[in-house]
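Fit chains F, R and L to the known structure of chain V by using the hints.
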Amino acid sequence: MPAYSTQELMIIAAAREIRDGEVVFVGMRLPITAFGVARLTHAPNAVGLFECGLARHAPAQDMLYTMSDPPNQLGAAWATGLTQVMGILQGGWVHAGFIGGAEIDRFGNINTSYIGGAEKPTVKLPGSGGAADIAAMSHRLLAIMNHEPHRLVERVGYVTSPGGLAGGGARRAAGLRRGGVAAVITDRAILRPHGPQGELHLASFHPGHAPEEVREKTGWSLRTIPGATETPPPTAEEMAALHAIDREGFWR
Amino acid sequence: MPAYSTQELMIIAAAREIRDGEVVFVGMRLPITAFGVARLTHAPNAVGLFECGLARHAPAQDMLYTMSDPPNQLGAAWATGLTQVMGILQGGWVHAGFIGGAEIDRFGNINTSYIGGAEKPTVKLPGSGGAADIAAMSHRLLAIMNHEPHRLVERVGYVTSPGGLAGGGARRAAGLRRGGVAAVITDRAILRPHGPQGELHLASFHPGHAPEEVREKTGWSLRTIPGATETPPPTAEEMAALHAIDREGFWR
Amino acid sequence: MIDKLATLQQAVRDGIGDGDAVVLGAGLEAAIPFAVVFELIRQGRRDLELVAPISDGAADMLFGAGCVGAVSAAWVGNVSGGLGHNYRRAVEQGVPRNVVVNDYSNFSLGMALMAAAYGMPYMPVRSLLGSDILASNPALKVLQNPLSDEADPVVLVPPLKPDVAVLAVQRADRFGNAHLWGSLGVAQEAALAADRVLVLADEIVEPGVIASDPNRVVFPGFKVSAVVHEPAAQHPSPMTGIWKRDTEFYTDYHRRSRERDGFLAWLEEWVLGVPDHAAYRAKLGSRLDDLRIRGSALAAPANFAAS
Amino acid sequence: MIDKLATLQQAVRDGIGDGDAVVLGAGLEAAIPFAVVFELIRQGRRDLELVAPISDGAADMLFGAGCVGAVSAAWVGNVSGGLGHNYRRAVEQGVPRNVVVNDYSNFSLGMALMAAAYGMPYMPVRSLLGSDILASNPALKVLQNPLSDEADPVVLVPPLKPDVAVLAVQRADRFGNAHLWGSLGVAQEAALAADRVLVLADEIVEPGVIASDPNRVVFPGFKVSAVVHEPAAQHPSPMTGIWKRDTEFYTDYHRRSRERDGFLAWLEEWVLGVPDHAAYRAKLGSRLDDLRIRGSALAAPANFAAS
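Protein chains in written order, with the working numbering: chain V, 1 to 252; chain F, 1 to 252; chain R, 1 to 307; chain L, 1 to 307.
Just so you know, these hints were derived from the structure itself, not from any lab. All C-beta atoms, glycine included, are put in the ideal place defined by N, C-alpha and C. Be aware that one or more of the hints could be misleading.
Among chain F residues calculated to face chain L with C-beta under 7 angstroms, some are [claimed, not checked]: (1) P71; (2) L74; (3) G117.
Computed spacing ranges between beta-carbons, pair by pair [as the list claims (entries may be wrong)]: (4) L:D18 x F:E119: 22 to 32 angstroms; (5) L:T247 x R:A135: 52 to 62 angstroms; (6) L:D276 x F:D62: 30 to 40 angstroms; (7) V:R155 x R:S296: 53 to 63 angstroms; (8) V:G169 x R:K141: 21 to 31 angstroms.
So here's chain V without its partners, still in its complex pose:
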C-alpha cells in the first residue's frame, strides 16, 4: 500500500511545475494546495494570483471553498480588481496558470463550455471563467484532469481555452504570442507536448499505472516521449510539506 494517495501524488506533481519566484494563477482545490507545497519546498518566493483580485505569498490558513472566501482575503499580498490581475496576465507578468476542464484534446485545447456544440448543446458547462484568459496569456499552462477516454479526446467539441489549436504553428498563427500547455497532470500520468506539432505525449506514468493502461484511457493514439519513466513518488520532504498544509487529511 503506497504511503500517499493518487491525489496527493497529483498535488506534488503539480507543485513540481511551479518554479521559484514565479507568479502563478493557482485556482482552488488541488492547485492551491500544490502552490503551498511548492512554497514550502523548492519555490519559497512563488506568488499566487486569484482572478477575483488577490495575490498571496502563502496559501490561506483555513480551508477555502472559493477564492473569494474570507481566509483568502486575510493576509493577502494585494487586494485589487479582476482587471488588474488579469491585466498583468496580458502584460506578460504571469508565468504559469493551473486550469481544469471537462475535455482536453491531443493539442491541449480545453473545453469548459459546451458538450455537443454551442448551437444545441447536450450539456451546458459553466464556461470559461478566467480559464480562456489564463490559457491564452500565461507563459505556461498546467492542466489538471481525470484521465478517462471521454475527457482526453482527439478533438474537443468547443475550444474554450486554446492550447496548440490544430498543432504546429497554429497557436502563434492565431495571434497568441506566448504560452501553451506545458503539462497535463492526470490521476494516471503526466503528458507533455512533444515533437514539431506539440502533440501531447506520455511523459511519465504514475506508480501503479502502466503505460498501456494510460494509453487505453486516452481518447487518441497516445505516443510516448523517449525516456518516459515512472513519475517519481513524493519525497519525504514533499509529503511533510503537504501534511503541514493538509492538516485535516482532505487529500489523503
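Just chains F, R and L, lined up with the frame of chain V:
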C-alpha cells in the same frame, strides 16, 4: 468704491456657471473657490473632481497650492487614480470643467503649450495637463482668462484644448461628441458662443468695464449678443458665501 | 447631498425594470447581492440580461425562476457543485424559457465593462484568440492591430453598458458613499459603467466614517441611485470581514435544484414564501449567527490629517 | 521573499541607467520622488526619457542638470510658479542641451501607461481629437472606429513602457510590499507597466503591517526591484498624512532658476553640495520639522478577520 474686487466678481460669475448636482473638474485657485461658493448657495449637491484622483463634496478646509495637497486629501469623497476620474470624464459623467490658458481664440480654442509654434517656440508653456481632456470630453467648458488683446486672439498658434476649432460644425466633424466652451469669464466681461458659427460674443460686461473697452481689449472684432447687459454684481448671499470660504481675504 | 435610503422592495421596484441589463456578481464569489436576486424573483421581473464575470449560484436561481432573457457572462454555475442545473435546463431544454447566451471570459467581460465605464469605443485585447468564444459571441471582432506592420490580430471587445449595477458593500452612508474592501472583482468597472447603482449596505454609518478613508471608496457616491440597509444581503456568499460563506446552503441548493420540482420547492421555501430579507434572516436564525465573523484583524492605521 | 532594501545611491546606480525611460511624477503634485531626482543629478545620469503626466518642479531640475534627452509628458513646470525655466531654456534654446518633447494630455498619458501595464496593443481614446497634440506627437494615430458604421474617429494611443518607475510611498516592508494612500495619480499604471520599480518608503515596517491591509497595496511586491528607506524623500512635495508641501521651497527654486546662473547656484546649494538625503534632511533642519504633519485623522477601522 465697489464692495467686491474684480477677482471676487469673477469667482461669483464662475460659481453661477455650476448647476446643482453637477460633477465638475474644478482646478486650483479661482475655480475651486467658485465651487465652494456654488455649494454654499445654489448648488449644494455639486461634486468637485481633481485629476490627481480625487472627488470632493466640499472644498478643502485649508488653503491649497496644488490639488494633491494634504488638505484636499482629508475628507475627500473618493481617492483613486487619474485613470478613473478622467475615464468617467470620457464616459460622459462630467458636466463641466474649468480651465485657464495663455491664449484663447474667437472659437474658444485654448493654447497652453507653445507660443510661436511647436517647431521653434519662443515660449514653451507647461502643456496640457488635463486641460485638453476636459475641453474635449466634458459637457461644458468654462474658461477663465485675463482679458488682454494678446490673450484673446483671432486664432491661437497651437490648439492644446479644442473649443469650436474653425467654428460651425468643425468640432463635431473632428469627432468630438459633446462639449465646447460655454463661457469665458475674464476680468472685464463674460463671453459666450453665439450664432451658427459658435463664435465668442460679448454676453455681459463687468461693472466699470464698458463694452467699448472690452472690445478694445479683445484681439478679434468682438460682437455682442443681443441683450447683453452688465454682469449682475454679487448678491449679499454670494458675498457672504465667498467670505465664509475666503476667510483670510486672499481674493479681496 | 441627497438621502438615497430605500427599502429593498422600493429599490428593486424603482431601480430594476423588465428587460434591464443588470450586474449582480461583480464581486465574483464574494458580496453577491442575493437579497436583490430573491426580491427580483418575488417581484416577478422578466427578460433581464445578466451581466457577470462569474456568478456563484445567484444567476442559476434567476434562470430557474424565469426572470432571465439573456446572459453575458464568463461562468455560470455553483462553485460548490459545479454545474448550474437551472442554467442547464434553460440552455439545453428551454425550461422554463429559452435564454440567449453571450459567452465571455473573465478578462474580456471586465474589459467590456471598463470600456463602458470609460466611454471607450472598444477595448483591444490579446485574449480569446484561438478560442471558440469568438465564434459563439458575434459581438467580439478580430482585427489587425493598425499600429503594427506585422501580423498582429487583436480582439476588439465592445462596451457592455449595464442599466443597473447592484453592489453589496460592508458599509455606506445614506447619501450613497460606500466602503468596500477585500478582493474587488469588477465592482469598480460595473459601478462606473452602469446608468444606475444600487448599493446594499451591511451597515449604515455616519458620512464621516466613509469620508475618513476615501481610498476605500471604490465608486463615487454621485453614481449611486439608492442605498438599501440589509445585513447579510449577500448570504450565502461571504462578505470580507463580516460574513463567512454558507457552503452548506449552496450544497443544499445544488442538490435540490437538480430536478425542476426540487428547485420549485426550494424556491417556495427560501424565496417566494419569505416576504422580505428580515424574514429571511429570521428563518436562518442561529445558522446566520454562526456565519458571523467575530474575530478582529484590523487594517493598520492610515493617517489622512493635513496639518 | 527577497530582501530588497538598498541605499539610495545603490538603488539609483543599479536601477536607473543612461537612456532609461523613467516615471518620476506618478503621483502628480504629491509623492514626487525628489530624493531620486537629486541622486540622478549627483550621479550624472544622461539621456533619460522622463515619462510623467505632470511634474511639479522635479523634471525642470533634471532638464537644467542636463540629464534628460526626451520627455513624454502632459505638463512640465512648477505649479507654484507656472513656467519651468529650465524646461523653457532646453526647448527654446537647447540649453544645456536639446530635448525631444512628446506631447500628451494627462488622460492620454495615463492610457499609454495602462496600455503598457496590461499588454494592450494601444488604447482607443476620444480625447485629443481636434487638438494640435495629435500633430506634435506622431506616435498618436487617428483611425475610424471599426465597430461603428458612422464616422467615428478614435485616437489610438500606443503603449508607453517605462524601464523604471520610481514611487514614493508612506510605508513598505523590506520585501517590496508597500502601502500608498491619498490620490494615486498614475502610480498603479506606472508600477505595473515598468520593467523595474524603485520604492522610496518614508517608513520601513514589518511585513505584517502591509499584509494587514491588502487594499492599500497599489502594486504587488513582486514587481518591486528595490526598496529605499528615506524619510521625506518626496520633499518639497507633500505626502498624504505625513508631510505638508513646502511651497516656499518651490517658490525659491522658481525665482532662482529664472536665470541659468541662478539655477546652477541653486543646484550646487541643494543637490551637488549635499552628499545624500540624510544631509539634505539635516540641511532643512527645523524647516522639515515644521512640514511634518502632527495631527491624527485616522481611517475608520476595517476588519479582515476570516472567522
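Here is what the structure says about each hint:
no.	hint	verdict
1	P71	9 angstroms, violated
2	L74	6 angstroms, holds
3	G117	10 angstroms, violated
4	L:D18 x F:E119: 22 to 32 angstroms	28 angstroms, holds
5	L:T247 x R:A135: 52 to 62 angstroms	60 angstroms, holds
6	L:D276 x F:D62: 30 to 40 angstroms	33 angstroms, holds
7	V:R155 x R:S296: 53 to 63 angstroms	54 angstroms, holds
8	V:G169 x R:K141: 21 to 31 angstroms	23 angstroms, holds
Comparing the model with each earlier hint shows violations of hints 1, 3; every other hint is respected.
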